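K.L.:
These protein sequences, in sequence, are chains A and B. Using my numbering, the final residue of the first sequence is 95, and nothing's skipped along the way. Using my numbering, the final residue of the second sequence is 344, and nothing's skipped along the way.
For the record, the hints were derived by calculation from the structure and aren't laboratory data. This structure is a prediction, so every number in the text was calculated from the model and none was measured. All C-beta atoms in this analysis are idealised placements derived from N, C-alpha and C, irrespective of residue type, glycine included. Any given hint might turn out to be false.
[As the list claims (entries may be wrong)] Pairwise CB distance ranges, derived in the manner of DEER restraints: (1) N97/B / K22/A: 49 to 55 Å; (2) I55/A / E155/B: 17 to 23 Å; (3) L127/B / I50/A: 21 to 27 Å; (4) K297/B / H82/A: 55 to 61 Å.
[Said to hold, decoys possible] The calculated DMTMM-like cross-link candidates involving lysine to aspartate or glutamate, where the alpha carbons are at most 25 Å apart (straight line), are: (5) K4/A / D139/B; (6) K4/A / D130/B; (7) K224/B / E5/A; (8) K224/B / E56/A; (9) K227/B / E5/A; (10) K4/A / E225/B; (11) K4/A / E270/B; (12) K4/A / E285/B; (13) K16/A / D242/B; (14) K227/B / D41/A; (15) K227/B / E33/A; (16) K231/B / D67/A; (17) K209/B / E270/B; (18) K231/B / D69/A; (19) K231/B / E33/A; (20) K221/B / E285/B; (21) K231/B / E270/B; (22) K16/A / E170/B; (23) K4/A / E245/B; (24) K16/A / D139/B; (25) K297/B / E33/A; (26) K288/B / E5/A; (27) K221/B / E5/A; (28) K4/A / E220/B.
[Said to hold, decoys possible] Which chain A residues face chain B? A few, computed with CB under 7 Å, are given here: (29) V36; (30) E37; (31) N38; (32) D41; (33) V42.
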Amino acid sequence: MANKEWPLWEVFIRSKQGLNHKHVGSLRAADAEMAVENARDVYTRRSEGISIWVIESSNIHASHPTDADALFEPAHSKVYRHPTFYDVPDGIEHM
Amino acid sequence: MNTLFEYLVRLGDDSLILGHRLSEWCGHGPILEEDIAMTNIALDLVGQATSILKYAGEVEGRGRSEDDIAFLRFEREYRNALLVEQPNEDFGVTMMRQFLFDAYRKPLFEQLTKSSDAQLAAIAEKSLKETKYHLKHSAEWVIRLGDGTEESHNRVQNALNDLWRYTDELFFENEVDEDLRGKGVIFSSEELKASWSEVVEKVLEQATLSIPDNGWQHDGGRRGLHSEHLGYILAELQYMQRAYPGMEW
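Only chain B is shown next, with the shape it has when bound in the complex (with noise of 0.2 Å):
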């Protein structure tokens, strides 16, 4: 297996997921600013595939570009977290989702500036500067929203009830990751979950949210077992290249 292929689409996948997720937000945000700021965000998601995938292609070394690889795969071979690919439901959702995503991707990406592979570490460097202002951005709103009214402590608080059976699976290690770890392409998932965590409990601590008790996890997506969610992503993700093949515009 060419365990830095198989990486580096879990990476691209991840954004492309929750990229176009959060596109789905772009005319129907709550307000025009945050109409905005949440299709600013999808772009740099989409972006930050765009290059991810581009250079899966280049390591597959088969010819494949990154539309081929984003548009033209089925549904088994994505392979991002399960956590994004679940629907927006309300604006609390949509933040608690990109929240605890942020803060998962933010000391990630700071790991792999320091990636042996050169290629990695440049795409981090660029990503990081972007993800500190989604992560922000994120806490900043999980934060107003758990200290703000009843009904809008209510609703972020469900959110993280029903997304927080998703967050183990950031964390998910095969053999993938045990043979990047030892090139030095990849660094400690356990170093990552730490600063996951001191985050996450700070900014819910703030928020005046308590994580469940519920200890059960999905796992999957990094296999390409999803929820019923991803196909129909997916049919409107690939929908144009399907039915006109190699269209640009």
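Chain A on its own, in the form it takes in the complex (with noise of 0.2 Å):
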């Protein structure tokens, strides 16, 4: 028998101050449009954005939790990379 389960989704919601949509969580809908709209009753009840992003939660692609010694270890040690040797000059405020 065909899966009848609906596929999952991941929700983005950007808020009236954010310039970025960000992830909020998830919930399943039948399809793209039902998405949008469970996101709007799920998520957004409460005045919490002005744009809504779904995306099919199988069409995330994400690191392995095993490679994160390789993929993330390495920058631990290269703290030149932070813009933090440098000297403020003085009357320079909001740094």
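Hints are included, so try docking the two chains, each in its own frame, into the full complex.
P.N.:
Structure below.
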């Protein structure tokens, strides 16, 4: 028998102040249009947003947790990549 | 007769009774997302009823609040259309009922935003935004259920066959409408019916559903003559205020 479960969708909401869409959660829906409507009802009912993106979860490709060492460890020893080696001249605010 | 009061009560009772019907789905929706969607819509409708019946109370001028009007009338004083008091049955019936109603409510509120009565126009303006979403939601479902599986198709087709006989009543008119139209408070119901038919025919075609050819139509709701279902709704709706008069929480 065919799988009767609706596909899972990841929901991204852009808030009034926010410039980018942020992941807020997931939901199930029969298709993309219904996913947007469901996202509206589930995730924006307290005025959380002004724009919605949905993407079918199966379309997301993720890094594997066991690769974490190879992917992220090497960056730890490269402190010079942070812009913290400058003397900020007097009179400069908001740095 | 205070025609504006009478008209506002029709408008408010449609929202109140349909809102109550939808609220019966709370915790029983087919999926969590739809449970939330239906109760959101129910809350929109109850909110509309609150502002419309509040204004009705002011227009009547006998000191009745929106709660007095909502909870302390007898069955024959309710003026909602028979369509909105019909039972939820399955999800297909609920969505078909909602769709047939939303397709009428949207052009109605569009008309009323131009009402010569400023308060009614303001209420219509606010409610229109909500109603546009309600219509989008119910129409999408009718299309998906109609053009879905054999079972979903048969269920919504049966729902349409059963509910079609309550649709003419949405365009009911009597001396109340005539009087208010003369004052520019409300507008042509022929135009309203034309807009309704256009949307309904388009969506039903997309949904591969056919309009039943049974021409016989119910009416009575606008005159306070209801189906047996309203009494049960009112028993539930009014119980708290009848048992504990004036209670608040």
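K.L.:
Run every hint past the structure and note whether it holds.
P.N.:
Comparing the hints with the structure gives:
The hinted range of 49 to 55 Å is satisfied by N97/B and K22/A, whose Cβ atoms lie roughly 52 Å apart. For the hinted restraint 17 to 23 Å between I55/A and E155/B, the CB-CB distance of approximately 53 Å leaves it violated. Take L127/B and I50/A: their Cβ atoms lie about 24 Å apart, and the range 21 to 27 Å holds. For the pair K297/B and H82/A, the beta carbons lie near 59 Å from each other, so the given range of 55 to 61 Å is met.
At roughly 31 Å between alpha-carbon atoms, K4/A and D139/B are farther apart than 25 Å, so this suggested pair is violated. Proposed proximity of K4/A and D130/B is supported: the alpha carbons are some 19 Å apart, at most 25 Å. Simply put, K224/B and E5/A have alpha-carbon atoms about 32 Å apart, too far for the 25 Å limit, and the pair is violated. Distance hint between K224/B and E56/A is unfulfilled; the C-alpha atoms sit about 29 Å from each other, more than 25 Å.
Taking the CA atoms of K227/B and E5/A, the gap is about 29 Å. The hint is violated against a cut of 25 Å. Of the supplied pair hints, the one linking K4/A and E225/B is violated, its CA atoms being roughly 31 Å apart against a limit of 25 Å. Restraint check for K4/A and E270/B: the C-alpha separation of about 53 Å exceeds 25 Å, so the hint is violated. The suggested pairing of K4/A with E285/B is violated, with an alpha-carbon distance near 44 Å, which exceeds 25 Å.
Our distance criterion of 25 Å between C-alpha atoms is broken by K16/A and D242/B, whose separation comes to about 37 Å. With a C-alpha separation of about 14 Å, the suggested pair K227/B and D41/A falls inside the 25 Å cut-off, and the hint holds. Using a Cα cut-off of 25 Å, the hinted pair K227/B and E33/A holds, with the two alpha carbons roughly 16 Å apart. About 45 Å separates the Cα atoms of K231/B and D67/A, which puts this hinted pair outside 25 Å; it is violated.
Between K209/B and E270/B, the direct Cα distance comes to roughly 21 Å. Compliance with the 25 Å bound is thereby established for this hinted pair. Distance restraint check for K231/B and D69/A: the Cα-Cα separation of roughly 48 Å exceeds the 25 Å cut-off, and the hinted pair is therefore not satisfied. The suggested pairing of K231/B with E33/A holds, with an alpha-carbon distance near 10 Å, which does not exceed 25 Å. The hinted pair formed by K221/B and E285/B meets the criterion: a straight-line CA distance of about 24 Å does not exceed 25 Å.
For a cut-off of 25 Å, the pair hint linking K231/B to E270/B is broken: about 33 Å separates their Cα positions. The hinted pair formed by K16/A and E170/B fails the criterion: a straight-line CA distance of about 46 Å is larger than 25 Å. For the proposed pair K4/A and E245/B, the alpha carbon gap of about 14 Å is at most 25 Å, so the pair holds. Note on K16/A and D139/B: the hinted pairing holds, with a Cα-Cα distance of about 23 Å set against a maximum of 25 Å.
Simply put, K297/B and E33/A have alpha-carbon atoms about 18 Å apart, close enough for the 25 Å limit, and the pair holds. Under the criterion of a C-alpha separation no larger than 25 Å, the hint pairing K288/B with E5/A is inconsistent with the structure, at around 39 Å. For the hint pairing K221/B with E5/A, the CA-to-CA distance comes to about 37 Å; that exceeds 25 Å, so the pair is violated. Distance restraint check for K4/A and E220/B: the Cα-Cα separation of roughly 41 Å exceeds the 25 Å cut-off, and the hinted pair is therefore not satisfied.
Evaluation of the V36/A hint against chain B yields a violated restraint, the C-beta minimum of about 10 Å exceeding 7 Å. Interface restraint check for E37/A: the shortest CB-CB distance to chain B comes to about 6 Å, inside 7 Å, so the restraint holds. Residue-level restraint check for N38/A holds (minimum Cβ-Cβ distance to chain B is 4 Å; threshold 7 Å). Below 7 Å, beta-carbon pairs count as interface contacts, and D41/A has one with chain B at about 4 Å; its hint therefore holds.
Checking V42/A against chain B by beta carbon gives a least distance of about 6 Å; that is within 7 Å, so the hint holds.
Hint compliance for this structure: hints 2, 5, 7, 8, 9, 10, 11, 12, 13, 16, 18, 21, 22, 26, 27, 28 and 29 are not met, and every other hint is.
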